[in-house]
Amino acid sequence: MAPAPYLVFDGVAKYFGDLEVVAPTFDLAIKRNEFVVFLGPSGSGKTTLMRMVGGLETPTAGEIRLDGQPIDGPDRDRGMVFQSYSSFPWLTVAQNVAYGMKYRLDMTPERKQRRLAHYLELVGLADFADAYPNKVSGGMRQRIAIARTLAAGSDVLLMDEPFGALDAQRREDLQLELRRIQRQDAKTVIFVTHDVDEAVFLADRIIIFSKRPARMLEEIDIAATLGPDRTLELRDSERFFKLRTEILKFVRIAAGHEN
Amino acid sequence: MMSKATATTVSGRTSDIVEQVPPPRAPAARKHMRNQFFTFRGNLSKHAQILTSVCASLIVIATWEISTRLGWINSLFLPPPSVTIETLWTMITQKHLLLNAGISTLRVWVAFAISVVMAVPIGIAMSSFRGVGAALEPIVDFIRYLPVPALVPLSIIWFGVGETTKIFLLWLGTFFQLVLLVADDMRRVPQEYVEIAYTVGARPRQMLTDVAFRAMLPSLFDNLRITLGWCWTYLIIAEIVAADNGLGFVIWAARRYMNTSEVMAGVVTIGLIGLLTDQILRLVHKRLFRYL
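Line by line, the protein sequences give chains A and B.
So the first sequence is residues 1 to 259, counted in the working numbering.
So the second sequence is residues 260 to 551, counted in the working numbering.
This is chain A alone, in the form it adopts within the complex (with noise of 0.2 Å):
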């Protein structure tokens, strides 16, 4: 028996006033430790999805149950990866970090030095831990709040372009350690992107958007082609070409570029 879906979009629409956001209805069932990538053109609503599974919007209409339960706001059992303004410019690198569990009181004090200073090795900040943001670059900046949210200890994570600024060596290296950290930590993901490079690579499953309104155009499972084991061969391998191709032709339709 399949297991049962964990995160739900059950009959979501959205409207901000007059204007459509996401179309009427959006369904979709995600699976626990589930890696689900939203693909298409910029603008589209995804973010919006996104946001409204983080609780920071509320649907217009349906709704969106996490474990069974009707989401109700944010709380830290999702976490977040903003684009901008994603630290905080009064802490250091390091206290930015920990402020992700600044508010976990079931971690004691060494435990949480220890996965601070694993996350700033992590994401390559380790030697900038005591500068303040506005000292480092935009690309660090970024990394600072990836290591928040993943310190944090979120079950959900819910990731909006968030490796965009980074140079690609750096990427690559983030992207082989989240799909690592999500399948060792057991952490859905919920990651929006227009890359499509990174969609295959990181994804089990694609879902390509349409344009404002979101609408899901197509569904792509790439857990069943590439299996859930991403490694570096792996994207230079036939099965990754192909799909990266099928899926290209999606997103120029999607972005209705072909007629």
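Hints may contain errors.
Claimed, not checked - Below, computed lysine-lysine pairings styled on PhoX-like, alpha-carbon distance capped at 25 Å:
| # | chain 1 | residue 1 | chain 2 | residue 2 |
| --- | --- | --- | --- | --- |
| 1 | A | Lys135 | B | Lys305 |
| 2 | B | Lys305 | B | Lys545 |
| 3 | B | Lys545 | A | Lys135 |
As the list claims (entries may be wrong) - Derived CB-CB ranges, DEER-like:
| # | chain 1 | residue 1 | chain 2 | residue 2 | range |
| --- | --- | --- | --- | --- | --- |
| 4 | B | Thr298 | A | Lys135 | 21 to 27 Å |
| 5 | B | Gly392 | A | Phe241 | 35 to 41 Å |
| 6 | B | Asp537 | A | Gly17 | 42 to 48 Å |
These are computed hints drawn from the structure, not numbers from a lab.
No residue lacks a Cβ here, since even glycine has one placed at the ideal position from N, Cα and C.
Place chain B on chain A using the hints.
Chain B only, in chain A's frame:
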């Protein structure tokens, strides 16, 4: 440059060679600095800035001194700086000027402290909770536009001519301005900061104290510094109308005897207190907000 060029033609061929020699570094640096002076957001060294400030102030003082000395201005109406400073000294030594300045400063700070203690929480509440904002904004806007001097008669009827009236007038002049500035500071805290706090599990109260308040602090500090300056304006009004001590009283009493140099000395004292306070607060700002 012009005179140099003319000199070359006059002295003939030999100096052509001199012209080929690259100019020494110092004039180049000076020229660079002159350019930076009028470059939009240009770079000017700390020293050059201080030097400019001092020179500009000296020019103003010198112009003032010279124009009264030469009789362009009747020194009965505008005593020269030298006389003002002399009077300032006699007032300090013989007329308790420092005591009066101290009394005025104390009044300003007491009233300012009351305004701040009230305005910060109320301002934050106004922009944090729509209901509070909707309820208070019209009232605050109405009172904010009333000129403080127009309320002097009322406040004397209410509180007599004692300290309460002065503190009340100062509070009136600053609280209603400050409360809106505080509300604006809070409103400008990026929504992303608030969302970061909530998604790592902060309760609303924790979000307010740990994030929103912390984020607004630098601009709040700036607004407090500016509002403190306004306090002095209202203080003088209050002390002119109803006081027997303080700088406003000193100035107003001197006016009665046409003693312009004492009036000037009183005014200069206020200016100096303002300058000193502002410099100290700037320094504190720099210390507190190193991360900016």
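Task: Agreement of Lys545(B) and Lys135(A) with the hint, judged by alpha carbon distance not exceeding 25 Å - done: Judged against 25 Å, a Cα distance of about 16 Å means the pair holds.
Open item on the list: Hint check: Lys305(B) vs Lys545(B), CA-CA at most 25 Å. Holds or violated?
Closed with: holds, 15 Å
- [ ] Given the hint that Lys135(A) pairs with Lys305(B), test it: the Cα-Cα distance must not exceed 25 Å.
- [x] Satisfied, since the Cα-Cα distance of roughly 22 Å is no more than 25 Å.
Task: Supplied distance hint 21 to 27 Å, evaluated on CB atoms of Thr298(B) and Lys135(A) - done: Cβ of Thr298(B) to Cβ of Lys135(A): about 25 Å, so the range 21 to 27 Å holds.
- [ ] May I ask you to test the hint 42 to 48 Å on the CB atoms belonging to Asp537(B) and Gly17(A)?
- [x] holds, 46 Å
Task: Assessment of proposed distance window 35 to 41 Å (beta carbons of Gly392(B), Phe241(A)) - done: At 57 Å between Cβs, range violated.
In summary, the one numbered hint that this structure violates is 5.
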